[in-house]
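Residue numbers (the working numbering), protein chains in the order written: chain A, 1 to 222; chain B, 1 to 250; chain C, 1 to 251.
I should point out that these hints are in silico values taken from the structure, not numbers from a laboratory.
Keep in mind that the hints are not guaranteed to be accurate.
Below are the EDC-like pairs computed for lysine to aspartate or glutamate, each with C-alpha atoms no more than 20 Å apart in a straight line [said to hold, decoys possible]: (1) K108/C <-> E210/C; (2) K196/A <-> E181/A; (3) K75/C <-> E33/B; (4) K214/C <-> D141/C; (5) K75/C <-> E84/B; (6) K75/C <-> E210/C; (7) K75/C <-> D141/C; (8) K75/C <-> E30/B; (9) K42/C <-> D139/C; (10) K214/C <-> D32/B; (11) K214/C <-> E33/B; (12) K214/C <-> D73/C.
For each label pair, taking beta carbons as the anchor points, the in silico distance ranges come out as [what the hints assert, rightly or not]: (13) H207/B <-> R155/A: 52 to 62 Å; (14) F209/C <-> L40/A: 43 to 53 Å; (15) A145/B <-> R155/A: 33 to 43 Å; (16) I100/C <-> W90/B: 25 to 35 Å; (17) D125/B <-> G193/A: 42 to 52 Å; (18) A56/A <-> D82/B: 49 to 59 Å.
Sample of chain C residues with no beta-carbon within 12 Å of chain B, all distances over it, derived [said to hold, decoys possible]: (19) T12; (20) I14; (21) V17; (22) P32; (23) T97; (24) T116; (25) A138; (26) R225.
Just so it is clear, the structure is predicted and the values come from calculations on it, not from any experiment.
Backbone N, C-alpha and C define an ideal beta-carbon position, used for all residues, glycine too.
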Amino acid sequence: MSAFRAILAKDLRVELRTLESVPAMALFAVTTFVLFRFGLDRDSLAGGLAGGVLLATILFAAIVAVNRLFVAEREQGGFDAIRLAPVDAVALWAAKAVALVIYLAAFELVAVPIFAAFFLDSWAGIGPLVAILALADLGLGAVGALVSSLAASSRARDLVGPLVLLPLLVPVMIASAKGAEQLLAAGGPSYSGLGKWLAILALYDLTFAAIGFAVFDFVIED
Amino acid sequence: MSTSLSTQPARPEHDTAPGPAIAVDGLTREFDERPVLRDVSLRLGRGATLAVLGPNGSGKTTLLRILATLLRPSSGSVGVLDAELPREAWRVRGRVGFIGHDPLLYRDLTLREALTFHARLHRLDERASARVAELLRAVSLERTADELVRNLSAGMLQRAAACRAVLHEPELLLLDEPFDHLDPAARDLVSELLRTAPGRTRVVVSHDVEAALDAADRALALRHDGSVAYEGPAPGLSPGDARAIYTGRK
Amino acid sequence: MKVPSVPSPRTTAIAAVALLAAGYSLVFFYAPNDADQGFIQKIFYLHVPLAICALLGFILAGIHSIRHLQTGDAKHDARSYVSIHISVIFGVAVLATGAIWARASWGKWWVWQEPTLVSFLIVFLLYCTYYPLRYAIADRDRQARYASVFAITAGAFVPLNFVAVRLAQPLVHPRVFATANGGLPASMLFTFLVCLAAMALLWITLVRFELAAKSSAGRLRRLRRALDGDLGLAGGSRIAPAVPPRAAGPS
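Just chain A, same shape as in the assembly (with noise of 0.2 Å):
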């Protein structure tokens, strides 16, 4: 446990400090919007297109910090000074899943009122929508903390972690997005199902945590 703690201290201060990954990843969503503004040629969202537009690019700005996330064990020998201690593997990937979490939701923070105010009519589904991307975001920190520490050691790291990555994650995009839909309709956000879509995310955090838990160990040792 306090390994997990330190691990996960030491990389929020280093992104703190470098702010390599959250500015980015900001930066990355409200350019995107602007791209999707002209490429749909619409300045007004709803339901399902909204819902799309938000979530699709939630996921590419992810990408951008998964690509990040063990950056620093890769090239500073951090996995050689975490096997030498005794931790436990998973403790590394919990911490860091949870950074990448942090990092989402503090990306989100900033993105999502760009993006009401830039697409939205009306804000009023955006309060339980926060439900709808925490759940999202932790299947993210699951998923992309495993990804990541794979494509960590190949070569062409930052192509092989995007690829092996958005085929997982097409259940967190099915579900949010219709989850997103329901919420940013027209008429105004409606509930009625959105029980399902919370019970998808749900059911996919909870498959990946066990199985972050179960495998890191192999991915770490030589």
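Please build the complex by placing chains B and C on the supplied structure of chain A, with the hints as guidance.
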């Protein structure tokens, strides 16, 4: 300097006396089917110092990494501190101090933060800051403690790596060219930090053949192809023979 | 590779060919035409068995990978790799036959309304990334381990993905095995099961052949290396796993 050389195999479980610090038999390690270490065997008693010599590419670094549990053997048996590797690697972690080619310090942390991080990984929680401060003083780095690691010179990094290696008071030190980049004054400081002590076993890789053999109880010399040219008491290997191994004539 | 005492690939091959011949004769001469879709429906005797075998193959690969991580024995990694390989090839056939059926039934080469096909596409895309992942990792041991981690993750992903995609479809897709009377007539069911068994045998045969080929290639490489001495010739495929030698073979 204690010279207990246990040549007996590891003792059975019920015997409370510890076995040799290191017991390796027929160790082979391959990378992509190319052997880097061939059939290496060695014994090192507790509290003793082993000098590992050999030309570049002879597998010295690989051997140290295997002993540190950072690499698995391809075949053969490796026992470190009564634990059979790689199966029981978890029993060894936290009892070994390792200096390799990378200082293993995060470049965007300050020196103090980086060492404190390692201390916390090794569960030194309450004692962490005191221990870190004590070590920084010992190698004369207390003034640069709040510098970012990326701004430190190679010599400072090497001194810091030495601090990191002994932070948790390990029973076994695995030192891969620990005096690299060090001027004579720094060398003395690090030497003091890494000196022999009761209960502390050391394996040292060095290119300074005479000094290494001088400070060691046992020696292991590897040929360029990763096989053993000599394994035995340090006095049994003359500097001349050692140099011949480097040039490939033995 | 330690080969357990099972029939040689040749035996399974003969059985597969026999059962395939039997199955597809049944398809053309025995099974009745579907009331709604007519003759083109018969492509399902090809499409669905291929799909089932591919998916089971992916899951089997995950099981081999679990054993690989537990034991560290490279033969499980080889089995996992080959299972994925054959299943991906079957997957191409699934998507192709799916497209042909879609074109014949709906006039378009792809339909998003068929959730099973769409889920299969996503799974197929995921397993295609297995190769760039393996190829990008130089160290063989790590490559095998990470491939196993991937195979386990992907195997767990398959059911999750099917559930998610199905839930996303508002329409329930019409069942393909109906006749005017409703329900699946015994003749169609029987034909389908024979074809399924035939495909399964085909899958097993192809896997066995590929494993045997790898084993021979590995032995050849080792012999060459022993003859040439240690010139450090790094030959052989960069991504295919090295099948370890049999106990009695030269190393």
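Each hint, compared with the structure:
no.	hint	verdict
1	K108/C <-> E210/C	violated (36 Å)
2	K196/A <-> E181/A	holds (13 Å)
3	K75/C <-> E33/B	holds (16 Å)
4	K214/C <-> D141/C	holds (17 Å)
5	K75/C <-> E84/B	violated (24 Å)
6	K75/C <-> E210/C	holds (13 Å)
7	K75/C <-> D141/C	holds (12 Å)
8	K75/C <-> E30/B	holds (18 Å)
9	K42/C <-> D139/C	violated (47 Å)
10	K214/C <-> D32/B	holds (16 Å)
11	K214/C <-> E33/B	holds (16 Å)
12	K214/C <-> D73/C	holds (16 Å)
13	H207/B <-> R155/A: 52 to 62 Å	violated (31 Å)
14	F209/C <-> L40/A: 43 to 53 Å	holds (50 Å)
15	A145/B <-> R155/A: 33 to 43 Å	holds (37 Å)
16	I100/C <-> W90/B: 25 to 35 Å	violated (55 Å)
17	D125/B <-> G193/A: 42 to 52 Å	holds (49 Å)
18	A56/A <-> D82/B: 49 to 59 Å	holds (55 Å)
19	T12	holds (31 Å)
20	I14	holds (36 Å)
21	V17	holds (37 Å)
22	P32	holds (58 Å)
23	T97	holds (40 Å)
24	T116	holds (42 Å)
25	A138	violated (8 Å)
26	R225	violated (7 Å)
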